[in-house]
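Protein chains in written order, with this note's numbering: chain A, 1 to 419; chain B, 1 to 419.
It should be emphasised that the hints constitute simulated quantities derived from the structure, not laboratory data.
Hints are not guaranteed to be accurate.
For identical chains, the list gives no copy identity; a pair is met inside one copy or between any two copies.
[Unchecked claim] For lysine-lysine, the following DSSO-like pairs were computed, each having C-alpha atoms within a straight-line distance of at most 27 Å:
{"id": "1", "residue 1": "9", "residue 2": "147"}
{"id": "2", "residue 1": "108", "residue 2": "12"}
{"id": "3", "residue 1": "273", "residue 2": "9"}
{"id": "4", "residue 1": "12", "residue 2": "215"}
{"id": "5", "residue 1": "186", "residue 2": "9"}
{"id": "6", "residue 1": "273", "residue 2": "235"}
{"id": "7", "residue 1": "215", "residue 2": "9"}
{"id": "8", "residue 1": "235", "residue 2": "9"}
{"id": "9", "residue 1": "12", "residue 2": "186"}
{"id": "10", "residue 1": "12", "residue 2": "147"}
{"id": "11", "residue 1": "215", "residue 2": "186"}
{"id": "12", "residue 1": "147", "residue 2": "108"}
{"id": "13", "residue 1": "215", "residue 2": "235"}
{"id": "14", "residue 1": "12", "residue 2": "273"}
{"id": "15", "residue 1": "186", "residue 2": "147"}
{"id": "16", "residue 1": "186", "residue 2": "108"}
2 protein chains.
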Amino acid sequence: MSGTREIIKAAKAAAPILAAASPEVKNRALSAVAERLLSEQAAILSANREDMERARDTLGAVMADRLLLTPERVAGMSAGIRDAVALPDPVGRVLRRTERPNGLVVEKVAVPLGVIAIIYESRPNVTSDAAALALKAGSAVVLRGGKEAFRSNAAIVRAIRLGLSDAGLPPELVAFVEDTSRESAKELMEAEGLIDLLIPRGGAGLIRACMEHAKVPCIQTGTGICHIYVDARAKQDMALDIVENAKTSRPSVCNAEEVLLVHRDIAAEFLPKLRERLTDARAARGLVPVELRLDARAGAVIPGTAAGARDFDTEFLDYILAVAVVDGVQDAVAHIAAHSTGHSEAIVTEDAAAAEYFTRAVDSAAVYVNASTRFTDGGEFGLGCEMGISTQKLHARGPMGLEELTSYKYIVRGNGQTR
Amino acid sequence: MSGTREIIKAAKAAAPILAAASPEVKNRALSAVAERLLSEQAAILSANREDMERARDTLGAVMADRLLLTPERVAGMSAGIRDAVALPDPVGRVLRRTERPNGLVVEKVAVPLGVIAIIYESRPNVTSDAAALALKAGSAVVLRGGKEAFRSNAAIVRAIRLGLSDAGLPPELVAFVEDTSRESAKELMEAEGLIDLLIPRGGAGLIRACMEHAKVPCIQTGTGICHIYVDARAKQDMALDIVENAKTSRPSVCNAEEVLLVHRDIAAEFLPKLRERLTDARAARGLVPVELRLDARAGAVIPGTAAGARDFDTEFLDYILAVAVVDGVQDAVAHIAAHSTGHSEAIVTEDAAAAEYFTRAVDSAAVYVNASTRFTDGGEFGLGCEMGISTQKLHARGPMGLEELTSYKYIVRGNGQTR
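My request is simple: use the sequences and hints to build the entire structure.
In structure tokens:
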């Protein structure tokens, strides 16, 4: 086992080779990696069985399913890498070009970041997804996964490295941190001069630790307390569809709805329909009913749990929805400003002025009019892929695609200009 | 005197008003600020006289000149703000627009960052320049200047705030930190959730402290160990012009040259010409001669001080140039990778392949072919202005203009889409 710092240094040393590689060389390497994931499938599945075995007593059913690999899932990982091959190369794009009066030609050109590090938790497919996107963006990658998936991740990395070697690129471009303790996460956060971008993908605790301790550039991802505001002039059937979709289609993800705000003028009409739709109708269809946690004004209209002090500041990631009645769009925006994590918020309304005000005033990565917050995703936004969803404002906001995984430099050509 | 945290909070609370302001409202306010700088000129000059008085015994001539304000310099500050009025508004630009197969229209739109904080040192004109750019970019600004310029800065901020009030905007948009101790800088670095971007403009110590301790997003600016590589196939007269300009036109700035690398094949011919040009010829013209600090190979060709261990890693900001002989463009790139701060580097050559290799392989904010490094500047690059020069790769690299002072969000419009 090599030390964490040594493997990061090796990745850094190899990075310029990849940075100078043509799109064709990178795509050939990614294709070789996709091949190797298939040809090494038996080793990957066997490593995964060991992980599953060890985790059996500690992981719940949902987490165990996230950890599990099957031949289909490995094939999906391989297909995901082929998808990355098909995406346009983000490196070398001329972002701006100016010819100055003195004859200097100033070009702003997209370049790789260098070394991208990712700290992530249980799902082993992140290992291949993240590596593929970083490599396509021309950067070496340092992967530090969770301990439950350690053997699976190690086997996937071995396959990726074999693919790189097949294509004549140094395997050090994909570094795998074998130490899964907090100490190694801290080493990554403090690897100044070696890591150009650190992306923590995990729970709120990990992200907070990065914000507090990281000395390397870091992007906050993921935490989503997403709001939907149903305006007085909403089509109420549309609102019910959107709310049910945003809450229940996949409650465990960051773009799921956690809070519903309802205009006071329609509360008496809309809230009983909401309750019927999310509880009784779902139970009748054999679906998990949603627990409603109601503020005092909503609780005066329909029965439900009274919301506690923290319920409007909690990412439930579960079949739970906090509901409040507000005085109108301004009040909704103020509530969101006070409680949102800046991920995704939606308004349902037919009132163009209310929609305009909402989209302008809500300061979140994605702001929707008449659509579910569940669309905040690189694929759904047309980026072709995604490395995570940034909830910060610097560098990247919202889904991070290949462009967001690059930097730029200025190339200035002259014929002897002095100043 | 209000507490630092309170004035940051007040700026944060006022920020949405500016964020929602139209380009016309912002420009009207900036024009009013430019007016007030002129009408309050007497108060500003009087405050500056007090600063000059107190600093008399401690500041050298260069620093005293940086601190000094005159009617012309105040008029220049006012004119600088009118220049900002004339620049295109960076907020509201649609950076990308996609209509998805499901009918969702996804727009990526430039938005203000929110609150921008700047820590800077002696020159009081930074106070008005930085405030004008931040306001134009739609953000509130927190200014924390140095103690030498305290009274000047306070008077300038008073004038700016009067201008904002004249235009009907809240004066809290420009916050002035009255505490000039390290403690207040630390408070800014730790104002999580209140400051969206912190820009340290100052010496290496300040920048290092920000990188180490900042919990808010931060952009590294300024330190420049800039290299010029004179290739075997350089036009040597052009090389001499560029080297002299980059070293001596303004040695105290970050885009000045600190290190010269010369191809071994021309060292015997070029170095004596260099010595003549930078030392004897300058002395004969009554100009400050440049002290050459030579590596062993350069020292074997011309007389000069032998370079010490740190001379190739020092930002001299003075009439001193470290000189080394290298084996060719690859060796030059390797030297730069080992010693550069990633600011600006240049190659002088007529060899297109060498130029191509250099621009591709050098990982700095600005890479030049046949021009002086002194052009790394927002105005010279056609950005119209600049808040500083970033030497990091995340968010902004090189001169930061108005676009680099904004973020973006996604606005997604649908008609009931669910996922």
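Against the structure, the hints come out as follows:
no., hint, result
1, 9 - 147, "within (23 Å within a copy, 41 Å between copies)"
2, 108 - 12, "within (24 Å within a copy, 33 Å between copies)"
3, 273 - 9, "neither (59 Å within a copy, 41 Å between copies)"
4, 12 - 215, "both (17 Å within a copy, 25 Å between copies)"
5, 186 - 9, "within (16 Å within a copy, 31 Å between copies)"
6, 273 - 235, "within (13 Å within a copy, 80 Å between copies)"
7, 215 - 9, "both (16 Å within a copy, 25 Å between copies)"
8, 235 - 9, "neither (57 Å within a copy, 38 Å between copies)"
9, 12 - 186, "within (18 Å within a copy, 31 Å between copies)"
10, 12 - 147, "within (24 Å within a copy, 41 Å between copies)"
11, 215 - 186, "both (10 Å within a copy, 15 Å between copies)"
12, 147 - 108, "neither (42 Å within a copy, 37 Å between copies)"
13, 215 - 235, "neither (48 Å within a copy, 43 Å between copies)"
14, 12 - 273, "neither (57 Å within a copy, 39 Å between copies)"
15, 186 - 147, "within (15 Å within a copy, 36 Å between copies)"
16, 186 - 108, "neither (34 Å within a copy, 34 Å between copies)"
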